[in-house]
Amino acid sequence: MLSGWGRYPRIDCRVVTPRDEGDAAAAVRAAGNSGLIARGNGRSYGDAALNRRATLSMLRFDRLLAFDPETGRLTCEAGVLLSDILDTFVPRGWFPAVTPGTRFVTVGGAIAADVHGKNHHKDGSFVDHVDSLDLLLEDGRVITCGPDREPELFTATRGGMGLTGTILRATLRLRPITTAWIRQETVRAPDLDTIMGLFEESVDWTYTVAWIDCLARSARLGRSLLFRGEHAEIEEVPADRRERPLATPRHRTISVPCDAPPGVLNRWTVAAFNAIYYRLGTPGTAIVGAWPFFYPLDSLLDWNRIYGGAGFVQYQCVLPKPASAVGIRALLEAVARAGRGSFLAVLKLLGKQNELMAFPMEGYTLALDFPANAPTFSFLNELDAIVADHGGRLYLAKDARMGTGLLHRGYPGLAAFRDIRVRWNPAGSFRSLQAERLAL
Amino acid sequence: MSSPETKSPVLILGAASDIGRAIARRYAETGRPLVLAARDPERLEPDAADLRLRFGVAVELRAFDVLDITGHPAFVNGLEPVPGTVVCTVGLLGDQAAAERDPAALELIVATNFTGPGVALGLLADRMAAAGGGTVIGIGSVAGDRGRASNYIYGAAKAGLAAFLSGLRNRLYAKEVHVVTVKPGFVRTRMTEGMALPALLTAEPDEVARAVMRAETRRQDVVYVRSVWRLVMAVIRMLPEPVFKRTRL
Ligand SMILES: Cc1cc2nc3c(=O)[nH]c(=O)nc-3n(C[C@H](O)[C@H](O)[C@H](O)COP(=O)(O)OP(=O)(O)OC[C@H]3O[C@@H](n4cnc5c(N)ncnc54)[C@H](O)[C@@H]3O)c2cc1C
Ligand SMILES: NC(=O)c1ccc[n+]([C@@H]2O[C@H](COP(=O)([O-])OP(=O)(O)OC[C@H]3O[C@@H](n4cnc5c(N)ncnc54)[C@H](OP(=O)(O)O)[C@@H]3O)[C@@H](O)[C@H]2O)c1
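Chains A and B, in that order, give the protein sequences. Using my numbering, read the first sequence as starting at 44 and increasing by one per residue. Using my numbering, read the second sequence as starting at 4 and increasing by one per residue.
To be clear, the hints were calculated from the coordinates, so they are not data collected in a lab.
Computed from the model, here is a short list of chain A residues facing chain B with C-beta under 8 Å: (1) R106; (2) L107; (3) L108; (4) A109; (5) F110; (6) T131.
Even for Gly, the Cβ is constructed at its ideal location relative to N, Cα and C.
Let the sequences and hints guide you as you build the complete structure.
Set out below in structure tokens:
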């Protein structure tokens, strides 16, 4: 049984694991018309990396191939995890230019979803730092593409959710760092207007993100904590760490051992989040490790099990900036009114981006978790209506249930994307459960 | 990172296997230089690049076919310097039903799991003994602990390898060559891809790698991967033959 990170839906999939290009090409050929989809580390939440007939696990495609210490250019295979890149290159003074909120994603998955990080407003998304990639097509050809080489295929592949072909290798540019520490400033915002104002005045910070208390209502609606950060300089690092400023202090990870029975959800979640808030929540400036700053949830391995066997869905939308103040308020009001407090509620101001299928657009993105059940699904239809009314869209990497109507309104580049997809892979061999559900 | 030039190389026979790759990473992590041997060493170029980049160790690639036993002396004598550790992960599960009918298929399973590794490891052990010692590690299998209808030809070859390694261990004990027999149960690799394996009894290749490293440092003789297998196999071995022959394990 295979699923995304939300453990909904769970499907019996035949998994094929290539070790090298020859294996991958053979798997694509063998799949033929019945189709297949690449899978990275399964950190997308829904059904994007699932195909009943053939799911191509890229996790054994995990070799680092070349690195230029002058420029920070890294060439690696698509199944390499960001955590491998961190382990290898942070001690040498390099950091991923863009990282999502978990380090357990593959490079291929990060490209296919064109993931964004806390620095999207400044540095764009993951693929803005990709020089080129090698893409395996359904006819067995491997095409190298990049911003100036087969740019059309490259553009469609970023955010293309594996549907334009299977990424075999990529060359990325890492960013130089002098320490493995972050200077973090934590600011409390009593309501939504304040947090949005804070985002506006924090645009010069490299990293910004806010945690919203979505149980707060009326005057306190949107009450939140803003975290903003910069890579710390050596003088800022605690004195006893200055000798080895790039060493990453190993911190403890805790595993959620098994599915939580219904009801335990709250205890686990509250405990987990209290811990996080405790670590990060005090207003003021602190020098914190890069790991807890970027990956607060990664210290709780397998935390997706706290939702129990039925799984959960994550709802992440983005609204255009002019509509955000009204739209985000409407969404938060709906959540608070329904009493469906999502413990994970993240707000962030994204920068400009205009690709065919990439999720980010200039405006506010809100991400919420809900248990996967019938009341949730009907409630999410209400949220969909608000998102549609305000010209927003949902993130495919999180989605397990949206309808085609919202998809079409949210992704005007869809028709162009489909043309490119079909031109390069006429048989449409690369397809996922999500692609079939949404007729991508 | 400590200076790799002072450390003796680790030779991995069958280095393109999933278990071999995992073992290479674990040894490289400790700064040991590597010699990776496989039928098609070119396929290992990306692995070599990875190990150099991640761990800064020297990596050499060598062509090695375990079936070419007349070529083994030249292969073994061509290794310079003499490896401090050798791990043989070569193996072939084969098709039991085919091997029941076709002697050539049976012979291939036996040669790949027993004769070939036996010849190579024997020669390597002697060369290590002459050089002052070392560690020889063979990957056997729990399948060698008792012959079962579903895979007894593979099991017989692995049993042969285990007996061989036991004798080698005994012969070279005084010569500072330590011989380890590793017996994995199920491992999630290319060999078992597509099979329905019980989660609790199935190891990742990296668990085998850690067991191998541990066996070397602790000078263990025979190790199971996932200790429950020691128990499971003890029970299976204890079943009296009149009972065992009726089972469908
Ligand atoms: C705790 C947590 C925090 C997160 N935070 C963020 C965040 O801050 N920002 C953000 O943008 N996302 C975030 N995500 C989502 C995650 O970054 C993306 O879903 C990412 O795509 C997951 O990568 P993966 O390797 O697990 O890919 P999978 O989930 O396995 O696959 C995702 C998609 O990529 C495709 N794919 C994977 N590998 C390849 C390949 N080699 N070739 C072609 N297609 C491929 C799949 O077909 C699928 O469509 C978060 C997820 C979690 C669990
Ligand atoms: N997977 C399990 O459940 C399991 C359980 C117990 C024991 N084992 C043992 O573990 C070892 C490693 O196997 P694995 O699971 O990692 O599977 P694997 O990837 O299939 O490894 C088998 C290896 O043997 C090599 N090989 C086969 N014939 C050869 C020959 N003539 N000359 C040189 N090399 C040859 C193969 O080389 P190519 O790469 O060139 O094909 C391959 O690398 C084997 O000895 C196996 O019997 C496995």
